[in-house]
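Peer 1: For reference, the chains in residue letters:
Number of protein chains: 4
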Amino acid sequence: MSLQFDQAKPMDVVAMGRATIDIYANETGPLEEAVTFTKYVGGSPANTAVAMSNMGLKVGYIGKVSDDQFGRYIRQYLEKKGIDTSHIAIDKSGARSGITIGEIKSPTECNCLVYRQNVADLNISCSEIDEEYISKFKAVLISGTSLSYSPAREAVFLVMEFARRNGVRIVFDPDYREGTWNSDAEAAIYYMLAAEKADMVVATRDEYDKMESLLMQGKSDDKLTVKNLLSRNVKLVSIKHGKMGSTIYTADGKVYAGKPYPAKVVKTFGAGDAYAGTFMFGLISGKTIDESLKYASAASAITIGGHSCSDSTPTKCEVEAFITAYDRVKND
Amino acid sequence: MSLQFDQAKPMDVVAMGRATIDIYANETGPLEEAVTFTKYVGGSPANTAVAMSNMGLKVGYIGKVSDDQFGRYIRQYLEKKGIDTSHIAIDKSGARSGITIGEIKSPTECNCLVYRQNVADLNISCSEIDEEYISKFKAVLISGTSLSYSPAREAVFLVMEFARRNGVRIVFDPDYREGTWNSDAEAAIYYMLAAEKADMVVATRDEYDKMESLLMQGKSDDKLTVKNLLSRNVKLVSIKHGKMGSTIYTADGKVYAGKPYPAKVVKTFGAGDAYAGTFMFGLISGKTIDESLKYASAASAITIGGHSCSDSTPTKCEVEAFITAYDRVKND
Amino acid sequence: MSLQFDQAKPMDVVAMGRATIDIYANETGPLEEAVTFTKYVGGSPANTAVAMSNMGLKVGYIGKVSDDQFGRYIRQYLEKKGIDTSHIAIDKSGARSGITIGEIKSPTECNCLVYRQNVADLNISCSEIDEEYISKFKAVLISGTSLSYSPAREAVFLVMEFARRNGVRIVFDPDYREGTWNSDAEAAIYYMLAAEKADMVVATRDEYDKMESLLMQGKSDDKLTVKNLLSRNVKLVSIKHGKMGSTIYTADGKVYAGKPYPAKVVKTFGAGDAYAGTFMFGLISGKTIDESLKYASAASAITIGGHSCSDSTPTKCEVEAFITAYDRVKND
Amino acid sequence: MSLQFDQAKPMDVVAMGRATIDIYANETGPLEEAVTFTKYVGGSPANTAVAMSNMGLKVGYIGKVSDDQFGRYIRQYLEKKGIDTSHIAIDKSGARSGITIGEIKSPTECNCLVYRQNVADLNISCSEIDEEYISKFKAVLISGTSLSYSPAREAVFLVMEFARRNGVRIVFDPDYREGTWNSDAEAAIYYMLAAEKADMVVATRDEYDKMESLLMQGKSDDKLTVKNLLSRNVKLVSIKHGKMGSTIYTADGKVYAGKPYPAKVVKTFGAGDAYAGTFMFGLISGKTIDESLKYASAASAITIGGHSCSDSTPTKCEVEAFITAYDRVKND
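Residue numbers (this note's numbering), protein chains in the order written: chain A, 1 to 332; chain B, 1 to 332; chain C, 1 to 332; chain D, 1 to 332.
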């Protein structure tokens, strides 16, 4: 395989980016009519970190949370999930933690209202980035949302520099969310600048379209996307196709198809994070890409059957039981 | 009494300011541990408008809401409560409606996390203010939160000008919320500029302290507060003392004490809005100040026994039943 | 006369507002072709302060300048002109002093390019306002440009409050400059809020139109302007008509016409400031309004015959010599 | 030599970045005391473009100027200098062109006050970048000042992408100016992101220190600087040492020393721009690096003997005459 991890490093993956609050409607239907809600920790890199920790990886976090009840809740939750929170800073400027209000109109039509104005996670700055900490991990996972504003944007590029010169693999997930960017041009430019420094890029087709909106406008062509990224030294490109599964392309020219497991869907949120985290687990623990994809698909299927993103992420045991059960049924 | 309303005007009170979303924890205790929440319409002027409409006044609203599920919910709710929503504009800039997360640590210790960055209600501008509409009301109720940012701030001063030249009485409630102002100096300056244009000011002692922080720093003296405001042509000053009741001072030198009714407290939020709205009902419907205070105290007592601000506001029938029941018990 | 000054106060007028840099083309013609320039101190309140000091008044200044060569030059120049600069603060944020590039296309067609983004003078804040200092002056002159941004805007309203409670007369000059305001609505609202706190308002017809753009849109009617301001307790209203002279309206219903002296015009900039400063000198030194207008017109005529605003302002001796000379010629 | 240009391309160099106004004191001494000034076109990439055009290269410009007299003057001046101005956009937002006030305290102590708040040149955006135009040039010269703010920053990265995929060489000059950046971290991050996409980097030691402030803090070591940049695929690194000359390092490990010519110094501004432009002329017209350095040093020496940056840049004829004259004297 094209992507190698330095197994001498004591820790597995450090995630960087927003760790925020999900407030999801309990009632299925239009948000206008929803009456009660449940609160979870959310944000793509946080969900992915939980997924990786659930699978048994040694996970750390680089982030910044609000100096209030929500910020404390986020740290406590991640800690409870076994994630090292020593590098989650506390914002003293009065900024709040971001909120995502989740509307579950139907199991397949989920929307969210995102509150991301002046949020604590975007206030992380270069002076808070610790090279020694990063150097202990086999890989760093970067969420592209942190690229949307200064000073978080610069902190991301600094993390990438520190990772590169310490032999830490870089995984980049654009994590695009409507309404978080000043302009499409900014998203396209900073996505590409970050992607070309990554060893692995994980994104949906829509996210690649955002990334290519200035350089390959309107192409939306998987082959071009892969060719462009591999030519910039990315080693592994993952294109997620939602319920159609995903495809992996590697620098040695191989292609791997990940097929989804059938699932009882409660909401579609969080499937991609469970997928990415579990796939990372596979790669780092030495499984083949095909095996890793199988694990990732199973974790996805389990997650969308629960109400939350972070809390519905399965453990390794649950994932393996799911695969066993499903394969038995299929083979009968 | 010093404050007269033009009874020839067809409508009663038009409220101006934030109409936002309250998301209150269902569990009593620290917010970190709260799991489920309930959604309501909130925001001081919205709550007060609902209180007035519940009491039977003809109420209108000047405001701006987000172009999303929350904005639509706010308009629908106010409409359902009998409030004229024809002058609630819809923000097309992508701004969200403000959110207030309510923590009910104990019945007497309630806190909130306020999300008010780039919110739709502060985007209302002078060009959206309709003099003819305002001229139809006996009074306009101004929430001081709208003074915290442009263009809403200028819209408030324009509403006041239109009110004055059309014989519409002005009621000003500073509605101070931590974290909504750039600086204490801004709060002090714009509160005073607005208060001196009002016929009636309703505020807590803490809010008067904010208003006086530049001109009477550290005094916190009710007599000075009243003297200052009456000298600037305010006709009626109400100082709210929380569970200790409130005191009314009028331009003719009279003082009226409003005593609270005993209440089973669920949360303290919203008591002041129910009080202000019901007191307005009393004044406008020709009751004496003492009677109006009695109604206001009863409405307060009922509201703090419910979970929300807007939804727990009583009807005229409930208020009168409460007073009758309480007075009977007391006289027994 | 309707406007009285407390002659017991030891100082005459304290001006508040921008003291900036004028860089005027030496060559008459389009600015594109201008090669050399001359530097002066400028800004309406600075020019007016110089005019008043030249006439012999005891003048002070409330302002803020950049911590650079231009800021130091401004303080040195005002000091040299006999103005007390003890209350000119120095901005430590890195902001620059504003610049006005002057184009003298022809003696009667003068334009300027204004650099007023993040300028030091708008950074003056309430904490820098000294009530005791203000209380020593008979009058304070407020430039409306300081109302265009926070924190200067709030500082202006605080100065007005301090002036009122210490018996200091307030003179308000809107000092409108294209490109300094976020919106016409802001200019209209804050101009009116400031004007109604003033004892005297001095402005051009165009500036009154800006002030009235929300409340008397498109009227442009001197009588309405005067009626509106006098009804808000302004005691003296001056409407400047450029080379047509000016008219003064007082609270006791009197009207005074100021006729311009014929002048050899080099540039039209600064005429209004010389006029306002010299008129103030007249009022404070006990001259009649008619006499004061005569002095003001003479100072105007002299100023527009020079290249700069501040530096071309005449002394009392020059003004009186001009009047004597002119009257002799006329009477011959 | 390591750096090759595609000689089939019809045009030589397109410069991108600020084209602004220099207003330089005519009197030598402290700026406070300067009375008269002369106006020029300035801004590092504009000066460099003029230097290249003067030497006979076919030069274009990508930029944005104000919609006022200064903006028109800039375009007219560049056009007059033979530069293609078809891709200089006109800002319609009301932004001004930047101004640099030059203080010539003594021939060797020159300072400037920079006005760069909301300037037109930083408003250039991705939608104004024309790939076909760029593709016609052998090289593009990027000024790092454009990296200081959006949307110009993104436009720079887009220009670099377009250059790379069209075989256009990229020359990067950080062009650091005090007070133009939000933070040192931003300067460091975007300088490095741009430098590593360049074929050639031209900067002073101080500018490399800014670039390395996060990754090689406090090192200030030429060898490390060169090693770092060459490892990122830069082909030619130039380190300017002011009056000590400059050193060139190429990817093939060679080092070239450029020695300064003795000069009668009027002001030090602009020496670097003349140097860079003339050096580019040398490389593109096929001269050796040593010859190119000789030309560059001569152009520098001539420029600092004049009052302006742009206007004092010599023609090819003047440069060659200077070299001939100097070499004859030396050899006598």
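Note that these hints are calculated values from the structure, not bench results. No residue lacks a Cβ here, since even glycine has one placed at the ideal position from N, Cα and C. Treat the hints with caution; some may be incorrect.
[Stated by the list, open to error] On the chain B side, residues computed to face chain A include the following (Cβ under 8 angstroms): (1) 32; (2) 37; (3) 69; (4) 80; (5) 81; (6) 94; (7) 99; (8) 108; (9) 112; (10) 113; (11) 115; (12) 177; (13) 180; (14) 183.
[What the hints assert, rightly or not] Pulled from the structure, derived: some chain B residues nowhere near chain C, Cβ distances all over 12 angstroms: (15) 107; (16) 114; (17) 127; (18) 158; (19) 165; (20) 184; (21) 186; (22) 190; (23) 250; (24) 256; (25) 325.
Peer 1: Please go over all the hints and tell whether each is borne out by the structure.
Peer 2: Taking the hints in turn, this is what the structure says about them:
Given hint, residue 32 of chain B at the interface with chain A, holds; its Cβ is 4 angstroms from that chain's nearest Cβ, closer than 8 angstroms. Hint status for residue 37 of chain B: holds, given a least beta-carbon distance of 5 angstroms to chain A, under 8 angstroms. Checking residue 69 of chain B against chain A by beta carbon gives a least distance of about 4 angstroms; that is within 8 angstroms, so the hint holds. Restraint check, residue 80 of chain B versus chain A: the minimum CB separation of about 12 angstroms is more than 8 angstroms; hint violated.
With a cut of 8 angstroms, the hint placing residue 81 of chain B at the interface with chain A is violated, because the nearest CB-to-CB distance is about 15 angstroms. With its C-beta approaching chain A no nearer than about 6 angstroms, residue 94 of chain B sits inside the 8 angstroms limit, and its interface hint holds. At about 7 angstroms, the closest approach between the beta carbon of residue 99 of chain B and any beta carbon in chain A falls short of 8 angstroms, and the interface hint on this residue holds. With 8 angstroms as the threshold, the beta carbon of residue 108 of chain B stays out of range of chain A, its nearest partner Cβ sitting at about 18 angstroms, so the hint is violated.
Annotation: residue 112 of chain B was flagged as interfacial toward chain A, and the flag is violated, the nearest CB pair being 10 angstroms apart, outside 8 angstroms. The beta carbon of residue 113 of chain B comes within 6 angstroms of a beta carbon in chain A, closer than 8 angstroms, and the hint placing it at the interface holds. The interface hint given for residue 115 of chain B is met, as the beta carbon of that residue sits about 5 angstroms from the closest beta carbon of chain A, less than 8 angstroms. Interface restraint check: residue 177 of chain B against chain A, minimum CB-CB distance 13 angstroms, threshold 8 angstroms, status violated.
Because the beta carbon of residue 180 of chain B sits about 11 angstroms from the nearest beta carbon in chain A, more than 8 angstroms, this interface hint is broken. Given hint, residue 183 of chain B at the interface with chain A, is violated; its Cβ is 12 angstroms from that chain's nearest Cβ, farther than 8 angstroms. Annotated as non-interface, residue 107 of chain B keeps its C-beta farther than 12 angstroms from every C-beta of chain C; the closest such distance is 39 angstroms. Distance to chain C confirms residue 114 of chain B as a non-interface residue, since its nearest Cβ pair spans about 21 angstroms, more than 12 angstroms.
Distance to chain C contradicts residue 127 of chain B as a non-interface residue, since its nearest Cβ pair spans about 7 angstroms, not more than 12 angstroms. The beta carbon of residue 158 of chain B sits about 6 angstroms from the closest Cβ of chain C, which is not more than 12 angstroms, so the claim that it is off the interface is violated. The Cβ of residue 165 of chain B does not lie farther than 12 angstroms from every Cβ of chain C; its closest approach is about 8 angstroms, which violates its non-interface assignment. Residue 184 of chain B, annotated as away from the interface, has a beta carbon of chain C within 12 angstroms; the closest lies near 9 angstroms.
Distance check for residue 186 of chain B against chain C: the nearest CB is about 6 angstroms away, which does not clear 12 angstroms, and the non-interface claim fails. With a minimum CB-CB distance of about 8 angstroms to chain C, residue 190 of chain B fails to clear the 12 angstroms threshold, and the non-interface call is violated. With a minimum CB-CB distance of about 23 angstroms to chain C, residue 250 of chain B clears the 12 angstroms threshold, and the non-interface call stands. Residue placement check: residue 256 of chain B keeps its beta carbon more than 12 angstroms from all beta carbons of chain C (closest about 29 angstroms).
The claim that residue 325 of chain B is not at the interface with chain C holds, since no C-beta of that chain comes within 12 angstroms of its own (minimum 48 angstroms).
Checked against the numbered hints given earlier, this structure breaks hints 4, 5, 8, 9, 12, 13, 14, 17, 18, 19, 20, 21, 22; the rest are met.
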